[in-house]
Amino acid sequence: MAYRKLGRDNKHRRSMLATMTKQVIMNESITTTETRAKEVRKSVEKMITYGKKADLVSRRKALAFLHNDTAVVEKIFNDLAKRYENRNGGYTQILKLDERRGDDALMVILKLVEEAK
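Quick note on numbering that gives the first Met the number 0: the sequence shown kicks off at 0 and runs consecutively.
It is worth saying that the hints were derived from the structure and are not from the lab.
A hint or two may mislead.
Claimed, not checked - Derived BS3-like pairs (lysine-lysine); straight-line CA-CA distance at most 25 angstroms:
#: 1; residue 1: Lys4; residue 2: Lys110
#: 2; residue 1: Lys51; residue 2: Lys110
#: 3; residue 1: Lys110; residue 2: Lys52
#: 4; residue 1: Lys52; residue 2: Lys81
#: 5; residue 1: Lys51; residue 2: Lys41
#: 6; residue 1: Lys60; residue 2: Lys81
#: 7; residue 1: Lys74; residue 2: Lys110
#: 8; residue 1: Lys52; residue 2: Lys74
#: 9; residue 1: Lys60; residue 2: Lys4
Unchecked claim - The calculated label-pair distances, taken between Cβ atoms and stated as ranges, are:
#: 10; residue 1: Glu98; residue 2: His66; range: 26 to 34 angstroms
#: 11; residue 1: Asn26; residue 2: Arg99; range: 16 to 24 angstroms
#: 12; residue 1: Val112; residue 2: Arg7; range: 26 to 34 angstroms
#: 13; residue 1: Lys81; residue 2: Asp103; range: 38 to 46 angstroms
#: 14; residue 1: Met15; residue 2: Asp103; range: 16 to 24 angstroms
#: 15; residue 1: His11; residue 2: Ala104; range: 13 to 21 angstroms
#: 16; residue 1: Leu94; residue 2: Leu55; range: 31 to 39 angstroms
#: 17; residue 1: Arg100; residue 2: Ala63; range: 34 to 42 angstroms
#: 18; residue 1: Lys4; residue 2: Arg59; range: 22 to 30 angstroms
As the structure is a prediction and not an experimental result, all values here were calculated from the model.
Cβ atoms here follow ideal geometry from the backbone N, Cα and C, with glycine treated the same way.
Make the full structure from the sequences, and use the hints.
What follows is the structure in C-alpha coordinates.
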(Lines of atoms letter the chains of each structure in order from A and count residues from 1; the text may use other names and numbers.)
(Lines give C-alpha, C1' and ligand atoms only; values in the text may rest on other atoms or scores of the structure.)
Protein backbone atom coordinates (compact mmCIF):
# COMPACT_ATOMS: atom_id res chain seq x y z
CA MET A 1 0.00 0.00 0.00
CA ALA A 2 1.41 3.35 -1.01
CA TYR A 3 1.36 6.15 1.51
CA ARG A 4 2.72 9.65 1.87
CA LYS A 5 5.64 10.21 4.21
CA LEU A 6 4.51 13.76 5.07
CA GLY A 7 8.06 14.82 5.91
CA ARG A 8 8.11 12.74 9.10
CA ASP A 9 9.83 9.57 10.28
CA ASN A 10 7.69 6.49 10.81
CA LYS A 11 6.92 6.92 14.53
CA HIS A 12 6.09 10.61 14.23
CA ARG A 13 3.88 10.02 11.17
CA ARG A 14 1.91 7.19 12.80
CA SER A 15 1.40 9.24 15.95
CA MET A 16 0.30 12.28 13.97
CA LEU A 17 -2.17 10.23 11.91
CA ALA A 18 -3.61 8.60 15.04
CA THR A 19 -4.04 11.99 16.72
CA MET A 20 -5.67 13.53 13.66
CA THR A 21 -7.93 10.49 13.31
CA LYS A 22 -9.06 10.93 16.92
CA GLN A 23 -9.78 14.62 16.27
CA VAL A 24 -11.89 13.85 13.19
CA ILE A 25 -13.88 11.23 15.08
CA MET A 26 -14.48 13.34 18.18
CA ASN A 27 -15.09 16.72 16.48
CA GLU A 28 -16.46 15.28 13.21
CA SER A 29 -14.47 17.91 11.30
CA ILE A 30 -10.90 19.27 11.12
CA THR A 31 -9.07 21.83 8.98
CA THR A 32 -5.72 20.65 7.66
CA THR A 33 -3.65 20.46 4.48
CA GLU A 34 -4.88 18.43 1.53
CA THR A 35 -2.12 15.80 1.66
CA ARG A 36 -2.63 15.17 5.38
CA ALA A 37 -6.40 14.99 4.92
CA LYS A 38 -6.05 12.36 2.21
CA GLU A 39 -3.92 10.21 4.52
CA VAL A 40 -6.12 10.70 7.59
CA ARG A 41 -9.21 9.83 5.54
CA LYS A 42 -7.84 6.29 5.03
CA SER A 43 -7.48 5.66 8.75
CA VAL A 44 -10.86 7.22 9.64
CA GLU A 45 -12.61 5.01 7.10
CA LYS A 46 -10.81 1.96 8.47
CA MET A 47 -11.77 2.77 12.07
CA ILE A 48 -15.46 3.16 11.16
CA THR A 49 -15.33 -0.13 9.27
CA TYR A 50 -13.89 -1.75 12.40
CA GLY A 51 -16.79 -0.26 14.35
CA LYS A 52 -19.30 -1.76 11.95
CA LYS A 53 -17.76 -5.24 12.37
CA ALA A 54 -18.25 -4.87 16.14
CA ASP A 55 -16.18 -7.87 17.24
CA LEU A 56 -13.41 -8.09 19.81
CA VAL A 57 -10.60 -8.24 17.24
CA SER A 58 -11.81 -5.06 15.55
CA ARG A 59 -12.11 -3.26 18.89
CA ARG A 60 -8.55 -4.24 19.82
CA LYS A 61 -7.20 -3.11 16.44
CA ALA A 62 -8.94 0.25 16.84
CA LEU A 63 -7.61 0.64 20.39
CA ALA A 64 -4.08 -0.21 19.24
CA PHE A 65 -4.14 2.36 16.44
CA LEU A 66 -5.77 5.09 18.56
CA HIS A 67 -3.34 4.80 21.50
CA ASN A 68 -5.87 3.08 23.81
CA ASP A 69 -8.22 6.07 23.80
CA THR A 70 -11.39 4.35 25.01
CA ALA A 71 -13.63 7.41 24.60
CA VAL A 72 -12.91 7.59 20.87
CA VAL A 73 -13.35 3.83 20.41
CA GLU A 74 -16.67 3.94 22.27
CA LYS A 75 -17.89 6.71 19.97
CA ILE A 76 -16.85 4.67 16.92
CA PHE A 77 -18.51 1.45 18.04
CA ASN A 78 -21.64 2.95 19.62
CA ASP A 79 -22.46 6.08 17.59
CA LEU A 80 -20.72 6.07 14.22
CA ALA A 81 -21.25 2.37 13.49
CA LYS A 82 -25.00 2.83 13.93
CA ARG A 83 -25.02 6.05 11.89
CA TYR A 84 -23.31 4.40 8.91
CA GLU A 85 -24.75 0.87 9.16
CA ASN A 86 -26.39 1.12 5.70
CA ARG A 87 -23.43 2.84 4.01
CA ASN A 88 -20.61 0.88 2.37
CA GLY A 89 -17.68 3.25 2.71
CA GLY A 90 -17.32 6.92 1.88
CA TYR A 91 -17.82 8.12 5.46
CA THR A 92 -15.72 11.28 4.97
CA GLN A 93 -15.60 14.17 2.55
CA ILE A 94 -12.97 16.78 1.77
CA LEU A 95 -14.01 20.38 1.13
CA LYS A 96 -11.31 22.58 -0.38
CA LEU A 97 -10.51 26.02 1.04
CA ASP A 98 -7.93 28.65 0.02
CA GLU A 99 -4.18 28.33 0.26
CA ARG A 100 -2.47 28.87 3.60
CA ARG A 101 -0.93 32.30 3.82
CA GLY A 102 2.58 31.32 4.92
CA ASP A 103 3.50 28.56 2.47
CA ASP A 104 0.60 28.36 -0.02
CA ALA A 105 -0.35 24.85 1.09
CA LEU A 106 -3.89 23.98 -0.03
CA MET A 107 -6.12 23.87 3.05
CA VAL A 108 -9.18 21.63 3.29
CA ILE A 109 -11.89 20.64 5.74
CA LEU A 110 -12.07 16.90 6.39
CA LYS A 111 -15.44 16.01 7.86
CA LEU A 112 -17.69 13.06 8.43
CA VAL A 113 -20.63 12.77 6.04
CA GLU A 114 -24.04 13.41 7.55
CA GLU A 115 -26.17 10.34 7.00
CA ALA A 116 -29.70 11.21 5.90
CA LYS A 117 -32.27 9.45 8.09
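Practice item. For the pair we were handed, Lys52 and Lys74, check the Cα-Cα distance against 25 angstroms. Key: Judged against 25 angstroms, a Cα distance of about 14 angstroms means the pair holds.
Review point. Hey, Lys74 versus Lys110, does the alpha-carbon distance stay inside 25 angstroms?
Key: holds, 15 angstroms
Practice item. Verify the proposed pairing of Lys51 with Lys110, using a straight-line Cα cut of 25 angstroms. Key: holds, 19 angstroms
Practice item. Compare the distance between the alpha carbons of Lys51 and Lys41 with 25 angstroms, and conclude whether the hinted pair is satisfied. Key: holds, 16 angstroms
Review point. Does 16 to 24 angstroms hold as the CB distance between Asn26 and Arg99, or does it fail?
Key: holds, 20 angstroms
Practice item. Go ahead and decide if the range 22 to 30 angstroms is satisfied by the Cβ distance of Lys4 to Arg59. Key: At roughly 27 angstroms between Cβ atoms, Arg59 and Lys4 fall inside 22 to 30 angstroms, so the hint holds.
**Study point:** Range agreement (Cβ of Leu55 with Cβ of Leu94, hint 31 to 39 angstroms)
**Key:** holds, 36 angstroms
Practice item. With a cut-off of 25 angstroms on the C-alpha distance, tell me whether Lys4 and Lys110 pass. Key: Within the cut-off at roughly 22 angstroms; holds.
Point to revise | Agreement of Lys60 and Lys4 with the hint, judged by alpha carbon distance not exceeding 25 angstroms | key: holds, 22 angstroms
Exercise for review: Starting from the range 34 to 42 angstroms, see whether the pair Arg100 and Ala63 falls in it by beta-carbon distance.
Suggested key: holds, 38 angstroms
Review point. CB of Val112 to CB of Arg7, is that within 26 to 34 angstroms?
Key: holds, 28 angstroms
Review point. Under the criterion that the straight-line Cα-Cα distance not exceed 25 angstroms, is the pair Lys52, Lys81 satisfied?
Key: holds, 11 angstroms
Checked against the numbered hints above, the structure breaks none of them.
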